[in-house]
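Number of protein chains: 2
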Amino acid sequence: MTDGTRERFLTATAKLLQERGYRGTSLNDILSESGAPRGSLYYHFPGGKEELAREATQREVRTISEYIATAFRECADPVEAVRAYVEGAREHIRTGGFLLGCPVASLVLDSPEASSSIRDLCEEALDDWQALIRDGLTVSGISVERADSLAILILTSVEGALILARSRRDPKPLDTVAEELAASVSEALRETTGAGDEGVRGAR
Amino acid sequence: MTDGTRERFLTATAKLLQERGYRGTSLNDILSESGAPRGSLYYHFPGGKEELAREATQREVRTISEYIATAFRECADPVEAVRAYVEGAREHIRTGGFLLGCPVASLVLDSPEASSSIRDLCEEALDDWQALIRDGLTVSGISVERADSLAILILTSVEGALILARSRRDPKPLDTVAEELAASVSEALRETTGAGDEGVRGAR
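In order, the protein sequences belong to chains F and G. Here the first sequence stands for residues 10 to 213, where the numbers follow the working numbering. Here the second sequence stands for residues 10 to 213, where the numbers follow the working numbering.
Heads up, some of the hints might be wrong.
Any copy will do: because identical chains look the same in the list, a pair fits if it lies in one copy or spans two.
Straight line, CA to CA, 16 Å or less: simulated EDC-like cross-link-like pairs of lysine to aspartate or glutamate [as the list claims (entries may be wrong)]: (1) K181 - E132; (2) K181 - E154; (3) K24 - E122; (4) K58 - D38; (5) K24 - D12; (6) K24 - E59; (7) K58 - E188; (8) K181 - D157; (9) K181 - E100; (10) K181 - D136; (11) K58 - E42; (12) K181 - E96.
Hints were generated in silico from the structure; no laboratory data involved.
Start from the sequences, fold in the hints, and give me the full structure.
Given below as structure tokens:
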């Protein structure tokens, strides 16, 4: 029961932060969304909104980090791993009715000056995702430098595609980005292995 | 004097919306940032915060649209036009002390459910930018379909790079994205013109 209440607060907070940002989410919004009694909020989260936001975001970040790591571990082909990553983002925004998005982006855009602990958390999350993608790409023999640059392209275009998809209430920008990224990663693999042009070119 | 006050409200609103989002910006914040008298706010903007946000954002959107159109008109090489577009975003966030960003992204992430007129404005802005980039690329002979897909990659990765740059207080993600996009556009031009591989490959 106690754990269930805690869980309800975290789930409600994660949803509201993605919908409205940090500044746009009040403790009253969280109470109302969670349906939990007011008294239990400060019992579970004595640090109030900042603590709740930090813990809810950390949980979302961890889920995404594990998702990226799994995609690269389970897909032998890094092109498929990148597709799986984009597909995960696509499903998140689609099943959330285009009200949700990246748990970090909405905080970066409205709160860095509001809370330094949340600012640090967001920075670490973006660093972590970039490193996971980079390391996933290097397993296929792509150089660390090339993989790091591609990881930035992958991470930034998915972040941007989530914004376009939300604005249009349509997941298509994520599909387009998946195709473009697949082509870029294929090209990097081709440069690495020196394999013939025909296969990759034909896949476009 | 009257026009000066109006201008001060719009400039203050554009800045605050980028820093804090729509929900995080109050009329009191706008008054305090503008330094203008309270009575003049409703005189100039009887529709209050929503009208101010709409007009301030429209003005920022127009500036970016003109910037993109000029970049493609003035650069004979579309690769240079894309670099100029990214450079514009880089300068905006750098000179703003990493507190500013895309005037549309922060609204998409916190307000689509708060104001349908602002939601529509954001959607039209993103459509407009995508079309300007796509049309700029087709002038060089890239097919409309290929150019549209590249325009999505360009727009989304710049949006995402603005988020990374703001989080890290470092413009480097924009530099990386500029290099990656230059390579993708070069590749599309190579496919279009059938020119030799060596030049483009050597540029990497």
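To see whether the hints hold, each was checked on the structure:
In the homo-oligomer, the alpha carbons of K181 and E132 lie at most 16 Å apart only across protomers (14 Å), although the nearest pairing inside one protomer, at 28 Å, exceeds that limit. Proximity of K181 and E154 under a CA criterion of 16 Å is satisfied inter-copy only: 14 Å between copies versus 30 Å inside one chain copy. In this homomeric assembly, K24 and E122 come within 16 Å of each other (Cα to Cα) only across copies, at 14 Å, whereas the closest approach inside a single copy is 21 Å. Only within a single protomer do K58 and D38 lie at most 16 Å apart by alpha-carbon distance; the minimum there is 11 Å, versus 21 Å between protomers.
When the C-alpha separation of K24 and D12 is checked against a cutoff of 16 Å, the pair qualifies neither within a copy, at 18 Å, nor between copies, at 42 Å. For the identical chains of this complex, K24 and E59 are intra-copy neighbours only, at 15 Å inside a copy versus 24 Å across copies, given an alpha-carbon limit of 16 Å. Proximity of K58 and E188 under a CA criterion of 16 Å is satisfied in neither setting, with 39 Å inside one chain copy and 40 Å between copies. Proximity of K181 to D157 under the C-alpha cut-off of 16 Å is restricted to the inter-copy arrangement: shortest distance 12 Å between copies versus 26 Å within a copy.
Taking identical chains as interchangeable, the C-alpha atoms of K181 and E100 lie at most 16 Å apart only when both belong to the same chain, with a minimum of 12 Å there against 30 Å between chains. Proximity of K181 to D136 under the C-alpha cut-off of 16 Å is restricted to the inter-copy arrangement: shortest distance 13 Å between copies versus 26 Å within a copy. Taking the closest pair of Cα atoms, K58 and E42 come within 16 Å of each other only inside a single copy of the chain (14 Å); across copies the shortest separation is 26 Å, beyond that limit. Taking the shortest Cα distances, K181 and E96 sit within 16 Å of each other inside one copy (11 Å), while across copies they are farther apart (27 Å).
The structure fails to meet hints 5, 7 from the earlier list, while all remaining hints are met.
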